[in-house]
Structure formats: structure tokens, C-alpha cells
Amino acid sequence: MKIIERQGKSASRITEDFMKEFNLKLDNFKFEVIEEGSSGIFGMFNNKPAKVKFYLPDISENIKTLAEGLLNRLNVSYLEIKVSFNDNAYTVEILGTKDPGFIIGKEAKLLNSIQYILNQMTNKQEKKHLIVRVDVNGYRNRRKEALISKVKNISEKVKKNGKSITLEPLHAANRRIVHQFIEKDSKVKTKTVGEGEFKRVVILPAGRNKTRHGSERTN
Amino acid sequence: MKELIEFIVKALVDDPSAIEITEVAGDKITIYELRAAKSDIGKVIGKRGRTASAIRTLINAVSARQGKRAVLEIIE
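So the protein sequences, as listed, match chains A and B.
Sequential numbering of the first sequence, starting at 5, is according to our numbering.
Sequential numbering of the second sequence, starting at -9, is according to our numbering.
These are computed hints drawn from the structure, not numbers from a lab.
All C-beta atoms, glycine included, are put in the ideal place defined by N, C-alpha and C.
It cannot be assumed that every hint is accurate.
To be verified - Subject to a maximum C-alpha distance of 30 Å in a straight line, what follows is the list of computed DSSO-like cross-link-like pairs (lysine-lysine): (1) A:Lys203 / B:Lys0; (2) A:Lys29 / A:Lys131; (3) B:Lys37 / A:Lys131; (4) A:Lys148 / A:Lys132; (5) B:Lys0 / A:Lys113; (6) B:Lys33 / A:Lys131; (7) B:Lys37 / A:Lys203; (8) B:Lys37 / A:Lys102; (9) A:Lys110 / B:Lys33; (10) B:Lys37 / A:Lys6.
Claimed, not checked - Derived Cβ-Cβ restraints for the label pairs, each shown as a range: (11) B:Pro6 / A:Lys161: 48 to 58 Å; (12) B:Ile65 / A:Glu201: 26 to 36 Å; (13) B:Pro6 / A:Pro173: 32 to 42 Å; (14) A:Ser168 / B:Pro6: 49 to 59 Å.
Turn these sequences into a full structure, and let the hints steer you where they fit.
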């Protein structure tokens, strides 16, 4: 919560100017009139300025409000929604839900859709590009660990046989996890093949050059 | 359901007052017709239809749980 105090001729005038300055609507913020202000008689005596305190919700609070609005309308039950900020992204955690399976959906389709919509809503409201992630009962982390352990096995195989292995098509976020993991190992490297929805990561021995397709990431 | 669509769409467009959703209830399928300001249609559809497809995923999930089917039509 950000608190801003302003002075001026009258409380309504200050509020009006404030809304214009920050491009706000009445339901976007809270305010408190500290001093009504008076212009005295003919503006000569008792000339007191008006004072208004404004309370602006911060981005995390805004995202929380949007997430709650969306989940309530999806008839999803939960105990708590937590919004945190790290790694340049906001993470919305839906905690204590009774139907995580519903929220996640097949191949995380619903969860990803909720995440996408929440991203669009937030970007529109904040007028800048922000990254919003949505997680349910730690699902994303579990998936990340599962993916890493799978990639670990595959990279061992690649090292042993000296032959590259192509993974199944993955979402950008998951491909990123693979790239970052493989980057730590100097004996293997990654490249990406395919287009759009069907982009795949190839894990190949680091010593080998000359690949026909895609971009390479080497250490 | 109408409220869900309205909540999402109004948060994405420049002119929320122009959003109009008509519910056409059928035997098995309910159709939701969505109208928006001309300049906002693109925002509702999104790049490569991504926004529209995400909204449809939400609608399908909610209605499937109620044993119903729902379709979103964006009217241009």
C-alpha cells in the first residue's frame, strides 16, 4: 500500500486532480479527508488548506484482487491466495484448494489459461508488461522437479552414447527449465528445433558441431 | 457464466461499457454472444486468438463440471 498526501483548495478538487494525475477510477483506490479546508471570509481569514490522504494499492494487491475475482467466478474454492514477487515475476499461489485437479486441468491447460488471462488483465490494468505466474498447491515446482529428473536421465544417456536425444514438445517455460539445467553441464548442450507450439529441445553431446536446424546454445 | 465472461472481457478492453453479452440457451448447448467496441475486438481475440482460446478453455471447464456445454461467439 502506497500512501500519498496532498494539499489544495478543497478535498473534492484535490481528489479530482489526483485521479487525473494517476489515471484512476474511484474504485481503484481509497482516500481519507484529513482536513476539509476553508477559504475563510472573502478568502482573508482562517484560510486553511484542505488535506487528503490517498491509499494506492500496490501491484501485488491488485493482482490478488483480480485473481480472487476470477477464481470466485470459476467457482473454485480455496483457503488463501498469496502473491509474491521474485525473479522479475509475480507468483499467484492458490493454497488449500479442494479441487486442484480441476484448476490444473488436462496437461495444465486450465491452469495455463487462468495464468494467461491473469497476465493480460494485469498488464492492462498496470499499463506495463509484467509476468504473472499461477500455481496451485505447489504444482509447478513438483512438475519442475519431475522434468529436471527426467532431463537428467536423458542427458546421462546422451553422454554415454554420444547421440543426441530430442524431447517431446514443451511449453516455453518448460523449455527454459531444460536449457538452464543443461547449461550447468559442460558435457552436453541444447538446441531448439521446430516452430510455434511444436518446438522441441534437443540434448546433444557438447563436443559435436554442425547441426542443420535450429539455434544452438553452448557453454 | 455470463458474469465470468463479463469480468474477464471488461478487464481487457478500453471501453468496458460497450461490452454486451447475450445468452442464447439451447437444449444442450448455451451460446454466449459477445459484442465489443470495434477497436476492442482484437483485444478480446488476442494474438493468434490466444485470449479467445484461453477464455473458451475457462468456459468449457466450468460448464463441463456442471454437465453442460457452452460456446463463446465473438460477434464482429
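Each hint tested on the structure:
no.	hint	result
1	A:Lys203 / B:Lys0	violated (33 Å)
2	A:Lys29 / A:Lys131	holds (14 Å)
3	B:Lys37 / A:Lys131	holds (18 Å)
4	A:Lys148 / A:Lys132	holds (28 Å)
5	B:Lys0 / A:Lys113	holds (23 Å)
6	B:Lys33 / A:Lys131	holds (14 Å)
7	B:Lys37 / A:Lys203	holds (18 Å)
8	B:Lys37 / A:Lys102	violated (33 Å)
9	A:Lys110 / B:Lys33	holds (26 Å)
10	B:Lys37 / A:Lys6	violated (34 Å)
11	B:Pro6 / A:Lys161: 48 to 58 Å	holds (54 Å)
12	B:Ile65 / A:Glu201: 26 to 36 Å	holds (27 Å)
13	B:Pro6 / A:Pro173: 32 to 42 Å	holds (37 Å)
14	A:Ser168 / B:Pro6: 49 to 59 Å	holds (51 Å)
In summary, the numbered hints that this structure violates are 1, 8, 10.
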